[in-house]
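Chemist: Under numbering that gives the first Met the number 0, think of the first position of the sequence shown as 0, with each following residue one higher.
Watch out, some of these pointers could steer you wrong.
Said to hold, decoys possible - Quick list of in silico lysine-lysine cross-link-like pairs, DSBU-like style, CA-CA up to 35 Å:
(1) 237 <-> 53
(2) 212 <-> 53
(3) 174 <-> 212
(4) 53 <-> 219
(5) 131 <-> 71
Hints in this document: simulated from the structure, not taken from any laboratory.
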Amino acid sequence: MPQRLLLSFLAVSAMVGGTTAAAGAATPDPSTVVDTAAAGHERGDSATAQLLGKVTRSTQWTPSAPVPLHFKTFHPQGIVRVGDHYFMTSVEILQPTTPCNPACGGYDRTPGAGIGHLFEFDAGGNLLRDLKLRDGDVYHPGGLDYDGRYLWVPVAEYRPNSHAIVYRIDPATMKATEVMRVDDHIGGIVHDLSSDRLNGVSWGSRTFYTWNKRGKLQQKVNNPEQFIDFQDCHYLQKGKAVCGGVAGMAIAGQGFELGGISLLDLRSMTAINTVPVTALSPAGHSITRNPVWLQANGKSLQLLAVPDDDDSSLLTYSTPPLS
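Based on the provided sequences and hints, a complete structural model is requested.
Modeler: Pasting the structure below:
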């Protein structure tokens, strides 16, 4: 029997530069709140979707000053912005997985052990709350989504072709409600407000899933794209999603991470625009390695990312005005 879901809530105070940043619940910014009851009546694409459709591989991404995160982040996975606060998923590895040859129980590796985290932090990088998510071997949270009311978080085993649980979490209370269990590793989730359905991606995003909100499978299709493996996806009005990710590549025996972002049509599950992002983090990772958040800033597009592990910073990159 799997262990009962471990959900522990930790409110903290962070001492930064001699001042105390007290923990507090996120209050959604009115500009980020979506009327989910009226979501099916969305009109036109969001500013972020429109700008993302104009990005090309020659678009320059200019960095701003990074914001150090004043807590141990472990291995970050996904991020969303809610008002002036951020919610970020991460996995803490207690025991690494090890390869199985031959396969063990049908898997290519052992389950390992760990703890999933949903961190809330403020614009100064101070940790406010930490929700721990774990159910037996299911401890690896993936890319998350925010629909204006709830956070949607998949938590899976740390191996492909395994199992996952999808949670709906109230950001005000950090209460997690199990929505469904899936017989696959789900690495990212999107709440499509135009259809009120859930879209998920498998390990490496090789498979796309669509469910209704009761967890009934509506569609399962192969990902036709071979460019990058999606790590973090978010809904964009209308009926679209932005996904960031990387692909491990090698040239002349030298490995590197190819980063990129894609604008997806959720009805057809095909890419509208896919572009490489070549900027690297202080640790040498592609900035789209894991948590990525895209937002419009006037006529420019901002990309926020946390690509590095453990001692991380929130990075911000901006495009020039896009016409």
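Chemist: Next step is simple, just say for each hint if it's right about the structure.
Modeler: Each hint, compared with the structure:
Our distance criterion of 35 Å between C-alpha atoms is met by residue 237 and residue 53, whose separation comes to about 16 Å. As the CA atoms of residue 212 and residue 53 are separated by approximately 32 Å, the hinted pair is consistent with the 35 Å bound. For the suggested pair residue 174 and residue 212, the alpha carbons sit about 18 Å apart, so the restraint of at most 35 Å is met. Annotation: proposed proximity of residue 53 to residue 219 holds, straight-line Cα distance about 29 Å (limit 35 Å).
At roughly 14 Å between alpha-carbon atoms, residue 131 and residue 71 fall within 35 Å of each other, so this suggested pair holds.
Hint violations for this structure: none, all hints satisfied.
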